[in-house]
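Take the sequences, apply the hints, and build the full model.
Residue numbers (numbering that gives the first Met the number 0), protein chains in the order written: chain A, 0 to 535; chain B, 0 to 93; chain C, 0 to 101.
Simulated from the structure, these hints should not be mistaken for lab results.
Each hint should be verified, as a subset may be incorrect.
[Said to hold, decoys possible] List time: in silico DSS-like cross-link candidates among lysine-lysine, alpha-carbon distance up to 27 Å:
#1 Lys-440(A) to Lys-377(A)
#2 Lys-535(A) to Lys-495(A)
#3 Lys-494(A) to Lys-506(A)
#4 Lys-495(A) to Lys-14(C)
#5 Lys-148(A) to Lys-4(C)
#6 Lys-14(C) to Lys-17(B)
#7 Lys-210(A) to Lys-50(C)
#8 Lys-4(C) to Lys-120(A)
#9 Lys-24(B) to Lys-50(C)
#10 Lys-376(A) to Lys-120(A)
#11 Lys-494(A) to Lys-239(A)
#12 Lys-148(A) to Lys-14(C)
#13 Lys-50(C) to Lys-2(B)
#14 Lys-120(A) to Lys-44(C)
#15 Lys-239(A) to Lys-23(C)
#16 Lys-4(C) to Lys-509(A)
#17 Lys-4(C) to Lys-494(A)
#18 Lys-14(C) to Lys-500(A)
#19 Lys-494(A) to Lys-377(A)
#20 Lys-482(A) to Lys-4(C)
#21 Lys-72(A) to Lys-50(C)
#22 Lys-210(A) to Lys-17(B)
#23 Lys-148(A) to Lys-50(C)
[As the list claims (entries may be wrong)] Simulated restraints, written as ranges between beta carbons of each label pair:
#24 Glu-32(B) to Trp-230(A): 46 to 54 Å
#25 Ser-382(A) to Asp-21(C): 25 to 33 Å
#26 Pro-184(A) to Arg-12(C): 30 to 38 Å
By construction, the Cβ of each residue, glycine as well, lies at the ideal position given by its N, Cα and C atoms.
The lines below spell out each chain.
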Amino acid sequence: MIETDILVVGGGPAGISAALACGRNNIKTVLIEERDFLGGQLIKQTHRFFGSKEERAGSRGIRIAEDLMNEIKKNKNIDLYLDARALGYYEEEKIFTVLQNGRMLKFSPRKLIIATGAFEKSLSFENNDLPGIYGAGAVQTLMNIYGVKPAERVLMIGSGNIGLIVSYQLIQAGVQVVGVIEAAPEIGGYAVHASKIRRLGVPLYTSHTIKKAIGNEFVTGAEIIELDRNWNEIKGTEKKIDCDCICLSVGLSPLVDILSQSGCEMVYIPELGGEVPVRNENMQTSIDNIYVAGDLAGIEEATAAMLEGELAGLCAANTFINDVKQDERIEKIKNNLEVLRSGPKGSKIRSGLNKLIKGETFFQGGRNTGSEIEAFKKTGIPSGENLRSILPDEKRINETPFALIECFQEIPCDPCVNNCPFGAITEGTDINNLPKIDYSKCTGCGSCISRCPGLAIFLINKNYSENTSTVSMPYEMLPVPQKGEIVDVLDREGKKIVSGKVVKVLKNEKMDKTNVISVEIPKEFFNVARNIRLVK
Amino acid sequence: MMKEDNIIVCRCEDVTLKDIRELIKRGYTNIEEIKRITRCGMGPCQGKNCGQIILREISMITGIPVEKLTLQRYRPPFGGIKFSEVLGENNDEK
Amino acid sequence: MRIEKHPILTFERGKEIYFIFDGKRIKAFEGETIAAALHADGIIKYNTSPKLHRPRGLFCAVGHCSSCLMTVNGVPNTRICVTRAKEGMIVHSQNPRGDLND
Ligand code: SF4
Ligand code: SF4
Ligand code: FES
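Given below as C-alpha cells:
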C-alpha cells in the first residue's frame with residue numbers, strides 16, 4: 000500500500016497543474032499518467048495561447064508544457080508514475096488501484112484529483128471507418144509529436160478552435176488543407192484562427208456536412224452537402240472533394256469512466272460535452288474526497304484546464320493545511336476563470352456550468368453577444384465595415400508607420416496590450432473587450448505583431464516611397480523569404496493580388512519563430528495585402 | 000438515401016447504424032440492452048465511440064431527451080463493492 | 000512521410016531501427032510508435048474488420064478506439080498507436096479478434 004496525501008490521475012494540463020499546486024505547498028503527491036510521457040494535449044499545441052499575462056498568454060502551448068513538466072520532475076514532493084492506468088476507487092476503504100507494467104499498485108490517498116481529460120466524438124457518415132479518417136488528436140499526434148505527415152490533402156470536418164488550429168498546423172507541416180466544413184451557419188472557434196487559414200487560401204464551408212467518404216481501401220475523396228436552417232440536407236448541393244484524409248474535429252466528450260465507477264453523481268450537460276461530474280466551485284464532486292479538473296469537468300480551452308487544475312489542487316490540499324495565503328490564491332483563480340469565461344465566446348460554458356448544480360449559480364454576469372459583424376463570423380474575413388472601423392484618420396495614415404489590429408471578436412485575450420512598449424493598446428478592464436489603439440501613442444515599432452496569438456496585427460507604412468507602401472505581417476511558415484526576394488502578395492482570402500519585394504525579415508529569439516516579414520507593394524494595396532507566398 | 004449499413008457505429012464489434020436503428024425500432028430503447036445484444040461498447044474501447052451515437056439515435060426515434068436516457072443508464076457502481084471482496088483479503092502487500 | 004523541416008518544431012529522432020510488418024522491412028526511429036513508422040512509410044491500412052471485412056487504419060492514436068490492433072511479437076490485440084517500435088519486432092495485421100490470418 001502506498002500512502003500519499005494527494006493522488007492525481009492524468010498528466011495533461013489540468014493534472015500537471017493540480018500536482019504542482021500541491022507539490023509547491025510541500026504536500027506529498029502522486030501523479031499517475033496512462034501513457035509513457037506527460038503533457039496530454041499541451042505538448043501538441045504549437046500555437047500561442049490566449050488568455051491573460053498571468054496565464055502566460057502569448058506563449059506557445061509546447062513551451063508552457065516544457066516548463067511545467069520540468070517543474071514536476073524537479074519537485075521532490077511529487078512522485079510520478081508513467082505507463083500507469085487507473086483501475087478504480089474503492090470509496091469505503093479509500094483505496095485506489097493502478098496497473099503499471101502488469102503489476103497492480105494500491106494507493107491510499109487522502110484526496111483524489113481526477114483529470115483524465117476527454118476523448119474525441121465520432122460522426123456518422125457513410126464509410127466513416129475507412130483508413131484515412133482520423134480524429135484531430137491523431138493528426139496532431141502524428142505531425143507534432145512524431146513529425147510524420149498524416150496525409151497530403153486533408154479535409155477538415157468541424158470549425159471549432161481545434162479544427163481551425165489543426166488546419167493551420169497541417170499547413171505548417173507542409174500538408175494541403177482542401178477545406179474546412181462546418182455544419183453550423185457560423186464558425187465555431189475564434190474568428191482570428193479562421194482568418195489565419197483563410198489568408199492561406201483554405202476554403203471554409205459553413206452550413207455543410209460530410210455525406211460520405213469515398214474510397215475502397217483508403218480515403219480518396221469526400222462528398223459534402225449543404226444544410227438548410229433546420230439542419231436538413233439540401234438535395235442537389237452535393238459536392239465531391241478530392242482528399243486523402245478526412246480529419247474529424249467534431250467535439251470532445253469528457254472521459255469520466257473512473258468517476259462514474261467510483262459512484263460520483265453525474266449529469267448530462269450538452270454544453271459541457273456530455274456527461275460530467277456534479278461538482279461545486281471548489282471542484283469537489285459528490286464524493287467529498289474526489290476533486291476534478293480540466294476537460295472531464297466540462298470541455299474548455301487548455302488555459303481553463305490549467306487554472307482548474309491549480310484550483311482543485313489547492314482546494315484539496317487546503318482541507319488539511321488551511322493556509323490563508325492559499326485562500327487568497329484560490330479566490331484569485333476563481334476570479335480568473337470567471338473572467339476567461341465571461342465574454343460572448345464563453346456563453347456556452349457559462350450556461351453549462353449554471354446547469355451543473357441546482358440552486359448554485361456559477362455566473363451572474365457575462366456577455367452573450369459581441370459587437371462583431373455577422374459576415375465575419377461566417378467567413379473569417381473582415382468586412383469593409385469592420386476594416387473601416389479600425390483605420391486611423393487620413394492624416395495619421397499618411398504620417399508614420401502604424402499598427403492595425405484586425406481583431407473583431409471579443410475573446411479573452413490581451414498579449415497585444417501587454418506587449419506594446421508605449422502603452423498604445425488598451426482593452427479597458429475586461430480582457431474580453433476588443434483591443435483599442437491610441438494612434439497618438441503608436442510609434443509603429445511593430446513589437447506587438449509577433450506576440451498576438453491570433454496573428455491579427457499588421458504594421459502599415461503607407462508612404463514607404465512615392466508609389467509604394469509596406470505591410471509587415473507575422474509569418475510562421477517555411478521557407479522564410481530572404482530580404483530582396485520577390486514574392487506573391489495575397490489578400491485576406493489567400494488570393495494573389497500583386498508581386499511584391501521583401502524589404503525586411505525580422506526574426507529573433509524573443510519572437511519564438513513568429514517572424515515578421517515586410518513587403519513592398521503598390522500603395523493602393525496597403526489595406527488589402529495580408530499574406531505572402533514564395534514563388535518557386 | 001443514406002446507406003445505413005455503411006455507417007459504422009462501433010469499430011470493435013462492427014456494428015452499423017442500420018443494426019442500431021433496427022433494434023430501436025423493434026423496441027430496444029435502453030442503451031444497456033442494445034449493448035448486450037450488439038456487444039457494442041463491450042470491445043476494447045469500452046463504448047467511448049458508440050455510446051453517444053446510440054443515445055442520440057434512441058432519443059431521435061423515441062423522442063426521449065438524451066438527459067433522461069443517460070440517467071436511466073446509471074447502474075449501481077462498483078464503488079459500492081469493497082476492495083477486499085474483489086480481490087480476496089490481504090493478498091499482495093505491494 | 001516524415002517532416003524534415005518545421006517552422007516551429009524540431010524533431011529529435013532516435014536511433015534508426017527496423018522492424019518487420021507482414022514480411023516487409025520498415026524503418027523507424029527509436030521512440031516512434033509502430034503506427035507512426037508505418038504512416039511514414041505510407042502504410043495506412045492496418046487490418047480488416049472481423050465481421051464485415053472492412054479495411055481499417057488508425058483513428059484515435061491515443062489507445063482508445065481499437066481501430067489499430069495488430070499482432071506484435073506474437074501478442075495479438077496490441078494497440079500499435081501507443082506501442083513503440085523496437086529493433087527486430089515482428090508485426091502482423093490481424094482482424095480485431097486477434098485470430099492470426101496465417
Ligand atoms: S506598433 Fe509598437 S507602438 Fe504601435 S501598437 Fe504595436 S507595439 Fe505599440
Ligand atoms: S489583437 Fe490582441 S486581443 Fe486580439 S488576438 Fe491579438 S493579442 Fe489577442
Ligand atoms: S488508433 Fe485508436 S487505439 Fe490505436
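Now for the hints, and whether the structure bears them out:
Between Lys-440(A) and Lys-377(A) the alpha-carbon distance is near 34 Å, which puts this suggested pair outside the 27 Å criterion. For the hint pairing Lys-535(A) with Lys-495(A), the CA-to-CA distance comes to about 14 Å; that is within 27 Å, so the pair holds. The straight-line distance between the Cα atoms of Lys-494(A) and Lys-506(A) is roughly 26 Å, inside the 27 Å bound, and the hint therefore holds. Only pairs whose Cα atoms come within 27 Å are accepted, and Lys-495(A) paired with Lys-14(C) is rejected, the gap being roughly 43 Å.
Proposed proximity of Lys-148(A) and Lys-4(C) is supported: the alpha carbons are some 12 Å apart, at most 27 Å. A C-alpha spacing of about 48 Å is found between Lys-14(C) and Lys-17(B), which places the hinted pair above 27 Å, so the restraint is violated. The hinted pair formed by Lys-210(A) and Lys-50(C) meets the criterion: a straight-line CA distance of about 24 Å does not exceed 27 Å. The straight-line distance between the Cα atoms of Lys-4(C) and Lys-120(A) is roughly 32 Å, outside the 27 Å bound, and the hint therefore fails.
Between Lys-24(B) and Lys-50(C) the CA atoms are separated by roughly 23 Å; this keeps the pair inside 27 Å, and the hint holds. Restraint check for Lys-376(A) and Lys-120(A): the C-alpha separation of about 24 Å stays at or below 27 Å, so the hint holds. Using a Cα cut-off of 27 Å, the hinted pair Lys-494(A) and Lys-239(A) holds, with the two alpha carbons roughly 22 Å apart. Between the alpha carbons of Lys-148(A) and Lys-14(C) the distance comes to roughly 20 Å, so the proposed pair stays at or under 27 Å and holds.
For a cut-off of 27 Å, the pair hint linking Lys-50(C) to Lys-2(B) stands: about 18 Å separates their Cα positions. Restraint check for Lys-120(A) and Lys-44(C): satisfied, since their Cα atoms lie roughly 22 Å apart, inside the 27 Å limit. In summary, the hint linking Lys-239(A) to Lys-23(C) is not supported, as the alpha carbons are separated by about 35 Å, beyond the 27 Å threshold. Restraint check: the Cα-Cα separation between Lys-4(C) and Lys-509(A) comes to about 21 Å, which is no more than 27 Å; the hinted pair holds.
Proximity of Lys-4(C) to Lys-494(A) is assessed by CA-CA distance (about 26 Å); at most 27 Å being required, the pair is judged to hold. At roughly 43 Å between alpha-carbon atoms, Lys-14(C) and Lys-500(A) are farther apart than 27 Å, so this suggested pair is violated. Restraint check for Lys-494(A) and Lys-377(A): the C-alpha separation of about 18 Å stays at or below 27 Å, so the hint holds. As the CA atoms of Lys-482(A) and Lys-4(C) are separated by approximately 21 Å, the hinted pair is consistent with the 27 Å bound.
Taken as a hint, the Lys-72(A) and Lys-50(C) pair is broken in the structure, with Cα atoms around 47 Å apart against an allowance of 27 Å. Restraint check for Lys-210(A) and Lys-17(B): the C-alpha separation of about 16 Å stays at or below 27 Å, so the hint holds. Simply put, Lys-148(A) and Lys-50(C) have alpha-carbon atoms about 31 Å apart, too far for the 27 Å limit, and the pair is violated. For the pair Glu-32(B) and Trp-230(A), the supplied restraint of 46 to 54 Å is violated, since their beta-carbon distance comes to about 29 Å.
Distance hint check: the CB atoms of Ser-382(A) and Asp-21(C) are about 55 Å apart, inconsistent with the given range 25 to 33 Å. Separated by about 44 Å at the C-beta atoms, Pro-184(A) and Arg-12(C) break the suggested range of 30 to 38 Å.
Going through the hint list in order, the structure does not satisfy hints 1, 4, 6, 8, 15, 18, 21, 23, 24, 25, 26.
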